[in-house]
Amino acid sequence: MKSTSTCELCDGTGVLSWQQPSADGRVLRTIEMDCPNGCSGHWKHPVAEQDRVIETESTTMPSTRVRGHADEAQEIGGEFITAFLRQAGH
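First residue of the sequence shown: 39, per our numbering; consecutive thereafter.
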């Protein structure tokens, strides 16, 4: 069990607690879950989320990716935007 005195998530209680409305929005429910930092001793982040996974060549993303519309939009020059705004009457 991890020391709970320094946990920023659960303040040392081992439990995260919050209130949220039910599906119909009329009742406010208190929700609780074990602290994902392992303070409760029951639930912990998966290994990958604890930064304890060593990536191998087969698990890393390829060095190149397919360029898409977002990439093209990032390269639009100021002249294009100015011309568009003038044409739109701004």
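Hints listed in this document are in silico derivations from the structure and should not be mistaken for laboratory results.
A virtual CB, placed ideally from N, CA and C, is assigned to each residue, including glycine.
Mixed in with the good hints, there may be bad ones.
Ranges of calculated distance between the beta carbons of each label pair, as one might list FRET restraints [what the hints assert, rightly or not]:
(1) Phe-122 x Thr-102: 27 to 33 angstroms
(2) Met-71 x Gln-112: 38 to 44 angstroms
(3) His-128 x Asp-72: 39 to 45 angstroms
(4) Val-104 x Glu-70: 40 to 46 angstroms
(5) Gln-125 x Asp-72: 18 to 24 angstroms
(6) Arg-67 x Ala-121: 39 to 45 angstroms
(7) Glu-117 x Asp-72: 41 to 47 angstroms
(8) Trp-56 x Asp-109: 36 to 42 angstroms
(9) Gln-112 x Leu-47: 47 to 53 angstroms
Each hint tested on the structure:
1. The hint said 27 to 33 angstroms for the Cβ distance between Phe-122 and Thr-102, and at roughly 31 angstroms that hint holds.
2. Met-71 and Gln-112 have their C-beta atoms about 39 angstroms apart, which keeps the hinted 38 to 44 angstroms range intact.
3. Between His-128 and Asp-72 the beta carbons are some 54 angstroms apart, a value that contradicts the proposed interval 39 to 45 angstroms.
4. The hint said 40 to 46 angstroms for the Cβ distance between Val-104 and Glu-70, and at roughly 43 angstroms that hint holds.
5. Here the CB-CB span from Gln-125 to Asp-72 is close to 58 angstroms, at odds with the stated 18 to 24 angstroms.
6. Restraint check, Arg-67 to Ala-121: a C-beta distance of roughly 54 angstroms breaks the suggested window 39 to 45 angstroms.
7. For Glu-117 paired with Asp-72, a C-beta distance near 56 angstroms fails the hint of 41 to 47 angstroms.
8. Against the hinted window of 36 to 42 angstroms, the Cβ-Cβ separation of Trp-56 and Asp-109 comes to about 39 angstroms, which satisfies the hint.
9. Judged by the Cβ atoms, the range 47 to 53 angstroms given for Gln-112 and Leu-47 is violated: they are separated by roughly 36 angstroms.
Going through the hint list in order, the structure does not satisfy hints 3, 5, 6, 7 and 9.
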